[in-house]
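Q: Now for the letters of each chain:
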Amino acid sequence: MTAAALAGPGFPRASLAARLGGAGWLFLAPAVVLMVAAYLAPLFDSIVISFHPNTPQGIDRAHWILGNYARLFDDYYATVLLRTLRVSVIITLLSVLLAYPVALWLAELSPRGQTWAILVYMSPWLVNTVVKSFGWTLILGNSGVINTGLRAAGLIDAPLRLMFNELGIVIGLLPGHFLFVLLPLWAALKGIDDNLRWAAMTLGARPGTVFLRITLPLTLPALIAGAIINFTMNMAAFAAPALLGGTRARVLSFVAYQVNLEELNWPFGGALAVAMLTVTLGCIALAQWVGGRLR
Amino acid sequence: MKRALTALNVLMIVYILAPIVLVVWMSFTPTMLFRIPITQFSLRWYYEVFSYSAYVDAALLSLRLGLLAALVAVAVGFCAAYGLVRWKPPGSAVLMGLFTAPLVVPAVVFGIAMLQFINRIGLYGSFTALLLAHVVLVMPFAVRTLQASIQEHGPELEWAAMSLGARRWRAVMLVTVPLCLRGMIAAFLFCFLISFSEITVTLFMTGPAHQTLPVRIFNYVSDRIDPTMAAVSSMVVLLTVVIALALNRLGALSELKK
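Just so you know, the protein sequences line up as chains A and B, in that order.
Take 422 as the starting number for the first sequence in the working numbering and just add one per residue.
Take 16 as the starting number for the second sequence in the working numbering and just add one per residue.
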C-alpha cells in the first residue's frame with residue numbers, strides 16, 4: 422500500500438483501481454441498492470401491473486392483457502393527450518422564440534450582471550410550483566389583478582377568461598421551464614469564437630446576416646436539445662396545470678392522478694405511466710440523436 | 016436594437032417575477048380580501064398562520080422530511096460520487112444514468128409507481144416510504160454536486176495520509192470529507208430545497224396522515240383562497256431565496272449551467 426501511494430499522480434489507472442479494489446463497490450453499493458429497490462423496482466412493477474386486468478377484487482395477476490393500452494385511444498384520453506401535446510408545443514415554441522433575445526442580452530452584460538440575471542431567470546424553477554400557481558390565480562382570476570385593473574379602467578365589462586383554460590396553463594408553466602432552453606443556448610452562445618463574427622462583419626455582413634449565417638447555425642444543436650427537454654417537462658408537469666387549467670383543461674398528468682387516486686384503477690394508471698415514460702424517453706433519445714448529428 | 020433587447024428582458028423579468036412578488040405583497044394586506052392597491056400593511060396573517068395547526072404541522076413535516084432526505088442523500092451520494100471519481104468502475108456512465116434518472120423520468124410516472132409499490136409492500140401512509148421517495152428524488156443533485164467537488168481535489172492528499180498508515184476509510188474521513196465540505200453543504204442545501212418544494216410524487220403517495228406543506232397549499236388553492244396562504248407562501252419564498260443565494264455563493268448553481 423505504501424509503495425503504491427508514493428507512486429504519485431502519474432500512476433496508471435489500472436493500478437489505481439486495483440488499490441481501491443473491492444472497496445470501490447462498497448462505496449457505490451448503498452446508492453445502487455437504494456436506486457434499485459426504491460426506484461427501479463417500483464417502476465418495473467408498475468409496468469408489469471399495466472398488463473394485468475383490473476377486477477373489483479383487485480389486480481388479477483394471473484392474467485395478461487393489452488386492454489389497458491387499448492383504452493388510451495378512447496376519445497376522452499385522445500382529447501386529453503392532444504391538449505397536453507398542444508399546450509406543451511406552444512410553450513416550447515414561445516420559449517425558443519424568447520430564448521435568443523434573452524441570451525443575446527445576457528451576453529452583453531458584465532460577468533456580475535450575468536450571474537444575477539441568470540439567477541432571476543432561474544428563480545421560477547427554484548420557487549415552489551404551488552406558490553407560483555397561487556400567485557398566478559391572484560393575477561389571472563376573475564377578480565385578479567388584470568381583470569380588476571381593466572374593469573377599473575373601463576376597458577371591459579365582463580372579466581376576461583385568463584385561467585381555467587389552456588391559456589392559463591401556458592402563462593403559468595412557461596417561466597419555470599424557460600431555463601432549460603435558455604441555459605444551453607447561452608452556453609453555446611458564449612462558446613462562439615468572436616473572431617467569426619468580426620470576420621463576417623469585415624466582409625460586409627450586416628448584424629442580421631451575422632445572426633442567420635453564424636450565430637444561428639452554431640447554436641442550433643444546443644437550442645434543439647434544450648427545446649426537447651423543455652417539451653418533455655411541459656408534457657409531464659402536474660401541479661401548475663392542475664391549478665391553472667381547472668376542470669375545463671385537464672392534462673395527461675392530472676388524468677393519471679384521477680385514474681390512480683380516484684378511480685383506483687391501477688392497471689390503467691400504470692398504462693398511462695408507461696405511455697408518459699415512453700414519450701419522454703423517446704424525446705430524450707431524439708434530443709441526443711439530433712445533438713450528435715448536428716455537432 | 017440594444018434598447019429593444021433591454022426592454023424585452025425587463026418585460027420578461029416582470030412577467031416571471033410577478034406571481035412571486037404579488038404573493039409576498041398580498042401577505043401584508045390587513046383585510047380578508049385581496050384588494051389592490053394595498054395602502055395599509057399588517058402582519059396579521061403571519062400571526063394567524065402560527066395558530067393554524069394544519070400549516071404548522073405540515074411545515075414541521077416538510078422540514079423533517081427535507082432535512083432527513085438531504086442528510087441521507089448527501090451521505091449515500093458522497094460515497095457513490097467518491098466511488099465513481101476515484102475508482103472509475105466499468106459502466107460508470109450507466110451508474111451515473113441510474114443516479115440521475117429521477118431528473119429525466121417524469122415525477123408523475125414515479126409517483127404512480129411508488130403509490131402502487133408501497134401499497135403492495137404494505138408501506139402505504141408510512142413516513143419511511145415518503146422519506147425513501149424523497150431521497151431518490153434528490154439523489155441526482157447530491158451525486159452531481161459532490162462529484163464535481165471530489166474532482167476538484169486530486170487523490171494525492173489521500174495517498175499521503177495512507178502512506179502515513181491511515182486506512183482508506185480513515186483517509187477519506189480525515190482528508191477528503193473536510194476538503195469537500197463546501198460541496199457537501201451545497202449538496203445538502205440543494206437536496207433540502209428540492210425535497211421541500213416537491214409536490215407531485217408526494218401528492219400521489221401520501222395518505223391523509225402525511226400532508227407536506229406544498230401538498231397542503233395545493234389542496235387549499237384548489238379549494239378556497241385566504242390571506243394566510245399568502246403569508247405561508249411568503250415564508251416559503253423567503254426560505255427559497257436564502258437557500259438560492261447561499262447556493263449561488265457556493266457555486267452550486269453553475270453546475271446547472273453546463
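In short, the hints are calculated from the structure, not lab data.
For each residue, glycine too, the CB sits at the ideal point set by N, CA and C.
Accuracy of the hints is not assured; some may be wrong.
As the list claims (entries may be wrong) - Label pairs and their calculated CB-CB ranges:
| # | chain 1 | residue 1 | chain 2 | residue 2 | range |
| --- | --- | --- | --- | --- | --- |
| 1 | B | 137 | A | 454 | 39 to 45 Å |
| 2 | A | 637 | B | 115 | 29 to 35 Å |
| 3 | A | 536 | B | 115 | 55 to 61 Å |
| 4 | B | 118 | A | 637 | 27 to 33 Å |
| 5 | B | 136 | A | 496 | 34 to 40 Å |
| 6 | A | 529 | B | 137 | 48 to 54 Å |
| 7 | B | 185 | A | 462 | 17 to 23 Å |
Stated by the list, open to error - Part of the chain B face toward chain A, derived, beta carbon under 10 Å:
| # | residue |
| --- | --- |
| 8 | 19 |
| 9 | 23 |
| 10 | 83 |
| 11 | 122 |
| 12 | 124 |
| 13 | 137 |
| 14 | 141 |
| 15 | 208 |
| 16 | 229 |
| 17 | 232 |
| 18 | 237 |
| 19 | 251 |
| 20 | 262 |
| 21 | 265 |
Q: Work down the list of hints and note, for each, if the structure agrees.
A: These are the hints, each one checked on the structure:
1. B:137 x A:454: 39 to 45 Å: 20 Å, violated
2. A:637 x B:115: 29 to 35 Å: With Cβ atoms ~30 Å apart, the hint holds.
3. A:536 x B:115: 55 to 61 Å: 25 Å, violated
4. B:118 x A:637: 27 to 33 Å: This hint holds: roughly 28 Å between Cβ atoms.
5. B:136 x A:496: 34 to 40 Å: Given about 36 Å between the Cβ atoms, the range holds.
6. A:529 x B:137: 48 to 54 Å: 59 Å, violated
7. B:185 x A:462: 17 to 23 Å: 34 Å, violated
8. 19: At about 8 Å, which falls below the 10 Å cut-off, the nearest Cβ of chain A leaves the hint on residue 19 of chain B intact, so it holds.
9. 23: Where the cut-off is 10 Å and the nearest Cβ of chain A is about 5 Å from residue 23 of chain B, the hint holds.
10. 83: With Cβ-Cβ at 14 Å, over 10 Å, it is violated.
11. 122: 7 Å, holds
12. 124: The hint holds - residue 124 of chain B has a Cβ within 10 Å of chain A, the shortest such distance being about 5 Å.
13. 137: 14 Å, violated
14. 141: 13 Å, violated
15. 208: Since chain A brings a Cβ to about 7 Å from residue 208 of chain B, closer than 10 Å, the hint holds.
16. 229: Holds - the Cβ of residue 229 of chain B comes within 10 Å of chain A, reaching about 5 Å at its closest.
17. 232: 5 Å, holds
18. 237: At 6 Å from the nearest chain A Cβ, residue 237 of chain B passes the 10 Å test, so the hint holds.
19. 251: 5 Å, holds
20. 262: 9 Å, holds
21. 265: 13 Å, violated
Taken one by one, the earlier hints fail for this structure at numbers 1, 3, 6, 7, 10, 13, 14, 21, listed in ascending order.
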